[in-house]
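Given the coordinates of chain A, work out where chain B should sit on it, guided by the hints.
Residue numbers (my numbering), protein chains in the order written: chain A, 183 to 405; chain B, 5 to 497.
A short list of chain B residues far from chain A (calculated; beta carbon distances all over 12 Å):
| no. | residue |
| --- | --- |
| 1 | I13 |
| 2 | A17 |
| 3 | A52 |
| 4 | R68 |
| 5 | P235 |
| 6 | V289 |
| 7 | S331 |
| 8 | L396 |
| 9 | G416 |
| 10 | S418 |
| 11 | Y437 |
| 12 | T446 |
| 13 | A480 |
| 14 | H487 |
Listing some non-contacts, in silico: residues in chain A with all C-beta distances to chain B over 10 Å:
| no. | residue |
| --- | --- |
| 15 | V211 |
| 16 | L224 |
| 17 | W263 |
| 18 | I300 |
Derived list of chain A stretches under chain B, where covered just means 3 residues or more per stretch with a C-beta under 8 Å from a C-beta of chain B:
| no. | stretch |
| --- | --- |
| 19 | 330 to 341 |
| 20 | 372 to 382 |
Calculated directly from the structure, the hints in this document are not laboratory data. The beta carbon of each residue, even a glycine, is placed where N, CA and C say it ideally should be.
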Amino acid sequence: MNPVQPELASQLITLLAAAMLVIQLLMVVQRMLLTNIRLFALQSLMLAGIATIIGFSHHNAGHLYAVAGLTLAGKVFFLPWLLNRQVRRIEIEQEINPLLNASASMLLCGGFTLLGYIVARPFTSLARLGNNTLAVAVTLLLTGFFLMINRRKAVSQVLALLTVENGVMLAAVALTTYGMPLVVELGIFFDLMVAVMVLGLLVYRIRETFSSMDVTELSQLKG
Amino acid sequence: MTLLAPILIVTTAAGLLCLLLRSGRAMALVNVLAFTVALGLTLRLLPAVLQPPGVVTECKEFFRADALSAWMVLLISVVSLGSALYAGRYFRRDLEDKAVTPGRVKEFYVLTPLFSAGMFLVVLANNLGVMWFALEATALSSVLLVAMYSRKTSLEAAWKYVMLGSMGLALALFGTVFTYAAAISQDSGAHLPSFNWSHLMILAGQLDPHMIKLAFVFVLIGYGTKAGLAPMHTWLPDAHSEAPSPTSAMLSGVSLKVALYALLRFHILTTASLGTDFSQTLLLVFGLASMVLAAPFILVQTNLKRLLAYSSLEHVGLICAGIGLNSPITVFGALLHMGYHALTKPVLFFAAGNIHQACHTLQMRRIGPGLLKVLPLTALCMALAGAAAVGLPPFGLFFSELTVLSGGFAAGHSVISVILLAAILASFCGILYQLTRILPGTPKVAREASARRLDGVSTMALMLGVLLVFSIWLPAPLLDVMHQAAGIIGGAP
Chain A
183 MNPVQPELAS
193 QLITLLAAAM
203 LVIQLLMVVQ
213 RMLLTNIRLF
223 ALQSLMLAGI
233 ATIIGFSHHN
243 AGHLYAVAGL
253 TLAGKVFFLP
263 WLLNRQVRRI
273 EIEQEINPLL
283 NASASMLLCG
293 GFTLLGYIVA
303 RPFTSLARLG
313 NNTLAVAVTL
323 LLTGFFLMIN
333 RRKAVSQVLA
343 LLTVENGVML
353 AAVALTTYGM
363 PLVVELGIFF
373 DLMVAVMVLG
383 LLVYRIRETF
393 SSMDVTELSQ
403 LKG
Chain B
5 MTLLAPILIV
15 TTAAGLLCLL
25 LRSGRAMALV
35 NVLAFTVALG
45 LTLRLLPAVL
55 QPPGVVTECK
65 EFFRADALSA
75 WMVLLISVVS
85 LGSALYAGRY
95 FRRDLEDKAV
105 TPGRVKEFYV
115 LTPLFSAGMF
125 LVVLANNLGV
135 MWFALEATAL
145 SSVLLVAMYS
155 RKTSLEAAWK
165 YVMLGSMGLA
175 LALFGTVFTY
185 AAAISQDSGA
195 HLPSFNWSHL
205 MILAGQLDPH
215 MIKLAFVFVL
225 IGYGTKAGLA
235 PMHTWLPDAH
245 SEAPSPTSAM
255 LSGVSLKVAL
265 YALLRFHILT
275 TASLGTDFSQ
285 TLLLVFGLAS
295 MVLAAPFILV
305 QTNLKRLLAY
315 SSLEHVGLIC
325 AGIGLNSPIT
335 VFGALLHMGY
345 HALTKPVLFF
355 AAGNIHQACH
365 TLQMRRIGPG
375 LLKVLPLTAL
385 CMALAGAAAV
395 GLPPFGLFFS
405 ELTVLSGGFA
415 AGHSVISVIL
425 LAAILASFCG
435 ILYQLTRILP
445 GTPKVAREAS
455 ARRLDGVSTM
465 ALMLGVLLVF
475 SIWLPAPLLD
485 VMHQAAGIIG
495 GAP
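Pulled out of the complex, with its shape left as it was, chain A reads as follows (with noise of 0.2 Å):
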């Protein structure tokens, strides 16, 4: 089974790779919360999409179709029910406010993207499925935490984890063609939806007590 030509595969999954980046991007300078969380799941939409072409045009590749599977029951439709379910359960304000405005920003993250692809040139021999996935997803992986950084909102620090999380996934399937084993797939997909579920609980936890959702108002621990 090897109908797809191997670069048209590769230029396929380029594609979609680049297409994760301009969305993360978007999430970036977007500032609305349920905005950003439909930006997430589109994000992991293109993930899937790439597990399924490897699977697609590789031999012995069939378990990302299950990886593929999971990817689009759990990041693209059971969690952003979930976070969407608690935005307006909890009724917070759509409105993000990030520290620092958007085209700094934008600015700050067009410098990660830059520093994603020199971290990234050493290994492109080895990045078997065109050059730039790899360094998208370090890209990804430094934007993430800036966004993370960025953001004063619980619920937009837990997306801002997950797009870490889609990163990391994504260099998986870059450095190694295949992903990792199943049984490793299958523990990080557990623990994420665990994740959320303990993060939702604990924003809901915090948003009771301090009845707002704003992380810098956690600070009275020092020293």
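What follows is chain B alone, placed relative to chain A:
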């Protein structure tokens, strides 16, 4: 017979069983029983790993235990059992004081065995990816324990813990992926290569050195965050001071070391692949940084449990530095230190828990002086454990610190050893000074003598007794396990 899977099954089953139970006493009993069984199984495991070839594997090598894993399993089961023994009375008092709701106590009894099961899986898993998600599972099961009291401060601590922990673990996963990729470039890509640690060790000589270096840096930052190494330690004092005391004891007594164990597996792999210089230097730097950074915070600390948390930071730093010095003596000393610290620190946290419940504060200014008159037995246990923690003889930490230091001098690292000695002395002075502020003297505030003075003392006395016995006399099999484990870290197959 199978030993590894049952340890995991028993603890997980205990956690799930507690979901069905109502009565607090029954749940406490289930916890204690499960950990007793786990300890029993561990004691069977120790002789098993001493038989050649020194490795026990089960379920098609999914589980793998060598002497290092067996040593960690022993620490986990001892500390878990200790804190389960202490927890029963502790939460009964909390319930009487209306500090927690019965629902939260149930949460504790459900999550604690799962937390332990996660740690067991970390040290027993052969697959590095499985090790990663087990470590993530320990973080997730303990975060709700940290947030148990729902005070503003405990929610803050839990949020910091889970956010920093998850960021760290994301980096560690990145490093794990890199390690796997380094193995793939050798194992021709026709089929999925095994991600087992034992398999990677066979390939170690052929792994791509750049990849392995990058991987180790990511893993060091990632698992180092979870192990509380400075400067990624900022969550540690918060989480340890805000969690209920039995959880603090587990976080400090073993959870830090389990994360360090995960780091060590990569250290061994990196050493086998690149030679000794690279990873040992990094471990040494981070270990020294943790020790040097902990000392001033100990000296100026005002909160009792934060004081203990910073002391843990110092001890983890010493263990890390001992391994970083990488001579057979220092590695052995570091492992010994892990064991003695795991017996000492829980006692201190249990005593702090008693004090917290009696005085309703952890501010040392308001607790002391005169604690020996208010809570004589608790204060006595605290004094003894405090003396042990700062490294006074006849307690074991004195011997393990001495072993690390003498090994460092013998291996010619005099400057590093002098820094270690200075940091040890600084925290020695700090902790003794702080304890003398609260323990002796006459109480300023009249506190009612309650019927609770004996609660929890038996557990503390038991652990101190075990510590004292093992300080003076270490059974031969334990010594053998530690020597074998030191050999594994030091590069033996």
